[in-house]
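Can you make the complete structure from the sequences, with help from the hints?
Each chain, letter by letter, is given below.
There are 2 protein chains.
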Amino acid sequence: MEEKNINTVPFEEDDKEVNSVIFDEDDIITPEKLTDLLDEKKYAEVKVQVNDIPAPDLAEIFFEVDEKYHSLLFRLLSKELAAETFVEMDSDLQENLISHFTDRQLSEILDELYIDDTVDIIEEMPANVVKRILKNSDSHDREIINKILKYPKDSAGTVMTTEYVRFTGDMTVADALLHIRRVAIDKETIYTCYITGKDKRLQGIVTAKDLLISDPDVLLTDIMDENVIAVHTHDDKEEVAMKLDKYGFLAIPVVDSESRLVGIITVDDALEVIIEESEEDFAVMAAITPGDDTPYLKTDVLSIWKSRIPWLLILMLSSTLSSAILAHFESALSAVLVLFIPMIMGTGGNSGGQSSVTLTRSISLSEVEFSDILHVVWKELRVGILCSITLGVATFAKVMLIDGLLLGNSAVDLSVALTVALSLSLTIILAKIIGASLPLLAKKVGLDPAVMASPLITTLVDAISLVVYVCVAQNVMNA
Amino acid sequence: MEEKNINTVPFEEDDKEVNSVIFDEDDIITPEKLTDLLDEKKYAEVKVQVNDIPAPDLAEIFFEVDEKYHSLLFRLLSKELAAETFVEMDSDLQENLISHFTDRQLSEILDELYIDDTVDIIEEMPANVVKRILKNSDSHDREIINKILKYPKDSAGTVMTTEYVRFTGDMTVADALLHIRRVAIDKETIYTCYITGKDKRLQGIVTAKDLLISDPDVLLTDIMDENVIAVHTHDDKEEVAMKLDKYGFLAIPVVDSESRLVGIITVDDALEVIIEESEEDFAVMAAITPGDDTPYLKTDVLSIWKSRIPWLLILMLSSTLSSAILAHFESALSAVLVLFIPMIMGTGGNSGGQSSVTLTRSISLSEVEFSDILHVVWKELRVGILCSITLGVATFAKVMLIDGLLLGNSAVDLSVALTVALSLSLTIILAKIIGASLPLLAKKVGLDPAVMASPLITTLVDAISLVVYVCVAQNVMNA
Chain U
-6 MEEKNINTVP FEEDDKEVNS VIFDEDDIIT PEKLTDLLDE KKYAEVKVQV
44 NDIPAPDLAE IFFEVDEKYH SLLFRLLSKE LAAETFVEMD SDLQENLISH
94 FTDRQLSEIL DELYIDDTVD IIEEMPANVV KRILKNSDSH DREIINKILK
144 YPKDSAGTVM TTEYVRFTGD MTVADALLHI RRVAIDKETI YTCYITGKDK
194 RLQGIVTAKD LLISDPDVLL TDIMDENVIA VHTHDDKEEV AMKLDKYGFL
244 AIPVVDSESR LVGIITVDDA LEVIIEESEE DFAVMAAITP GDDTPYLKTD
294 VLSIWKSRIP WLLILMLSST LSSAILAHFE SALSAVLVLF IPMIMGTGGN
344 SGGQSSVTLT RSISLSEVEF SDILHVVWKE LRVGILCSIT LGVATFAKVM
394 LIDGLLLGNS AVDLSVALTV ALSLSLTIIL AKIIGASLPL LAKKVGLDPA
444 VMASPLITTL VDAISLVVYV CVAQNVMNA
Chain D
-6 MEEKNINTVP FEEDDKEVNS VIFDEDDIIT PEKLTDLLDE KKYAEVKVQV
44 NDIPAPDLAE IFFEVDEKYH SLLFRLLSKE LAAETFVEMD SDLQENLISH
94 FTDRQLSEIL DELYIDDTVD IIEEMPANVV KRILKNSDSH DREIINKILK
144 YPKDSAGTVM TTEYVRFTGD MTVADALLHI RRVAIDKETI YTCYITGKDK
194 RLQGIVTAKD LLISDPDVLL TDIMDENVIA VHTHDDKEEV AMKLDKYGFL
244 AIPVVDSESR LVGIITVDDA LEVIIEESEE DFAVMAAITP GDDTPYLKTD
294 VLSIWKSRIP WLLILMLSST LSSAILAHFE SALSAVLVLF IPMIMGTGGN
344 SGGQSSVTLT RSISLSEVEF SDILHVVWKE LRVGILCSIT LGVATFAKVM
394 LIDGLLLGNS AVDLSVALTV ALSLSLTIIL AKIIGASLPL LAKKVGLDPA
444 VMASPLITTL VDAISLVVYV CVAQNVMNA
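Chains U and D, in that order, give the protein sequences. Reminder that position 212 of the first sequence reads as 205 in the numbering used here, one-by-one numbering, no gaps. Reminder that position 189 of the second sequence reads as 182 in the numbering used here, one-by-one numbering, no gaps.
The set of hints was computed from the structure by calculation and includes no laboratory data. Careful: at least some of the hints might be erroneous.
Taking lysine-lysine pairs in the BS3-like style, the calculated list, with each CA pair at most 27 Å apart, reads [claimed, not checked]: (1) D:Lys35 with D:Lys61; (2) D:Lys239 with U:Lys202; (3) D:Lys437 with U:Lys291; (4) D:Lys180 with U:Lys239; (5) U:Lys72 with D:Lys239; (6) D:Lys40 with U:Lys239; (7) U:Lys437 with D:Lys291; (8) D:Lys72 with U:Lys239; (9) U:Lys239 with D:Lys239; (10) U:Lys180 with D:Lys72; (11) U:Lys291 with D:Lys239; (12) D:Lys239 with U:Lys26; (13) D:Lys299 with U:Lys372; (14) D:Lys72 with U:Lys202; (15) U:Lys146 with U:Lys239; (16) D:Lys193 with U:Lys202; (17) U:Lys291 with D:Lys40.
In structure tokens:
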């Protein structure tokens, strides 16, 4: 509420009518136009056209342009833009480009990259390319890369960057600003800086804002924040990203077991992690093998088929269980009861799905842990009972009124409605408890909880709901 | 790969052995201990204990502590921490606290808040509280708040902040740094600054990094980036967040239809938007009414029930369709064919779900638009055919070998296996096309595409798969 002087900043009186400076994605040269220019060897014109395009958009253009032009087009980019664009490309394009690079060119590109980006690229490359990349990195970088590659999958260590600004506490604000001026160009962020002591032990943090508003002669020890929120190299990267979100940080320091600063994770990397992990959860929950992040329209049919068919096969095979149960209890379900199989199985699946998705997300957001399992089961039991009473009554009424009276099915009588309603109620309670506890159990034994929120749980609940249905039918109908 | 001088920063030789400065969440005072201290009126001790806790953690403590202590505890916080903590609280707590504030206290808190946070709070409050908040805001803020409240739901305008740093192009770097020094405390970020001309038209941007590494005498016009990526007030907030991610920005400017700068969206708000929208999509896909973001363990049973029961009821009722189809074609499905109903419906649901979740996410990530619908259907048709051939063959083999031979069901013969396999294949293709096109159609008519990825689509595909099944059965079995 402090922004009162927004209108007191003087305007340029002689402000000429400028065209809008706002970048418009529609103004980007089309891939077709670009290949025409390349065919006509109008390289100067290409240079003008592409060197103003932001790297992420340029990477998309590479995707659209035939591979044979890539190497040529890449050489027409300024060194900095080339590196930035390279980072944004998908791994197939990167691999293809690397195969066209000389060792010298590769080494130059690597020199321009931040180490965390190099690590990201390495993680997607086949062994021979990894070797070439490491061979063409300088020895200091190679050492860091090898260290980062050893951190466990999905840990903070694998996403951190080692290019941060580090001060010692005896520096003054003026020293610090001078130091930033000298090293800024090579750092991923200069906005949060770290004060370390002997052995690189973290002592405090200071922001660029602190530096800008403080007296130049003040010592960093006097202005640094000594209550540092940090994460450990082995922490889960999604938990780290959620922490950055929780505290609204631009970067969070990563320390080793001795509290030594080894890297930082910046907010843009956290954003990336959160988007990736959500997409993975969505894919797994929809029974799709998570792939790379190629946009849908650019993914070929065979890749989509490959990501979808394994689960469809598994789920098809696992439904043998339901068939076997039906076959075994064939006599228990009269023709009229068969009509309600879809409803009972569907409602069971939906109830279980609600609980498993809720718990899977709560686990992802670090809101719930395995130790909460009793608390969770107790809560789901009560929710399940409430839902089962509501739905049981509604189903009884629906079967009697809609299926019996309205649709005029003479086979629908009181015992049928009672059987259906009772089965449904029991199924809901069981489905909710199973749906809520399986993701927690999965997490406990080191599996992805999202797998439990997937149709796999539906298959399980399907089978259980059928067993409940036939048992209730046998008891009610024979009563 | 440039960080080579990391070890050349001199260490303090006389570095004393300090305890770890790393903040440990486990060291935070427990809510029980805190209420004891408050009961014993040890307010000085409480002050010491709470004023070092980060605001997000403090908000969690308020959640745990009985409401009767809130007003007292809140008054023991420093003004700044109080405001930060207030922003982090959930709306029920905020409303309760506001009801205990005098107008003067309320006005003081509002003064400390950024306008976008005030707007967030207002959006969750009942009308009488909104009136009180507006009455106690100063007139300039009130005007901005009212303007922001008028932007369409989920638009960039509703999440932007109006407290940014604005320069004119004729200022020098030194002027700019001096200006930052003066206003920094009141700005949400100082790291991206905006250069505007007459009428607040955006002319360029300059980062704090640019300012720090540039010569103090240089004019901003000479160093500003004139190729500005901006968004419009009416753009969808999720698209804006994805744009921030794509370009790796710390902030993105928001302009009106005349290219006038009206606000900025910072990366922490973008992160918030992405997390919220994903959670909403997850909820809708799991047939849950999205609620506020209260953690699962803190949500009461009745609220969970309320968020889950409407969809369960709708889905239960809509399954009447499946029952009616089965009732109508009762004679077409022999007892042995009934055994495969769960498999056919399940596989249909899973196939459709895969497509609808994929498309829903692609729409969320702005990868696909309604105009791509033919492209999408053509792709899904091919994927569907591939899947249906694979699964058709596998199902035929499975029914003959497992259900027929292994489980020894004598009723399973060639025509049964053929009926099941053929029905499954047709169902998959239909389910994929429906699953992929419905989210696009939903988007087109202004509905939430996620609703289409929800069990609702399963209900629809269930009905279709049954119709396919009985039609195929009638033709194959009678052939």
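Evaluated hints:
1. D:Lys35 with D:Lys61: holds (16 Å)
2. D:Lys239 with U:Lys202: holds (25 Å)
3. D:Lys437 with U:Lys291: holds (22 Å)
4. D:Lys180 with U:Lys239: With a Cα-Cα distance of about 20 Å, the restraint between Lys180 of chain D and Lys239 of chain U holds, given a limit of 27 Å.
5. U:Lys72 with D:Lys239: holds (21 Å)
6. D:Lys40 with U:Lys239: holds (23 Å)
7. U:Lys437 with D:Lys291: Distance of about 22 Å is within 27 Å: holds.
8. D:Lys72 with U:Lys239: Holds. Lys72 of chain D to Lys239 of chain U sits at ~21 Å (cutoff 27 Å).
9. U:Lys239 with D:Lys239: Cα-Cα ~22 Å, so holds.
10. U:Lys180 with D:Lys72: violated (35 Å)
11. U:Lys291 with D:Lys239: Since the Cα atoms of Lys291 of chain U and Lys239 of chain D sit roughly 17 Å apart, the hinted pair holds (cutoff 27 Å).
12. D:Lys239 with U:Lys26: holds (24 Å)
13. D:Lys299 with U:Lys372: Holds: Lys299 of chain D and Lys372 of chain U sit about 14 Å apart, inside 27 Å.
14. D:Lys72 with U:Lys202: holds (20 Å)
15. U:Lys146 with U:Lys239: Given pair Lys146 of chain U, Lys239 of chain U holds - Cα atoms ~23 Å apart, limit 27 Å.
16. D:Lys193 with U:Lys202: holds (25 Å)
17. U:Lys291 with D:Lys40: violated (57 Å)
The structure shown violates the earlier hints numbered 10 and 17.
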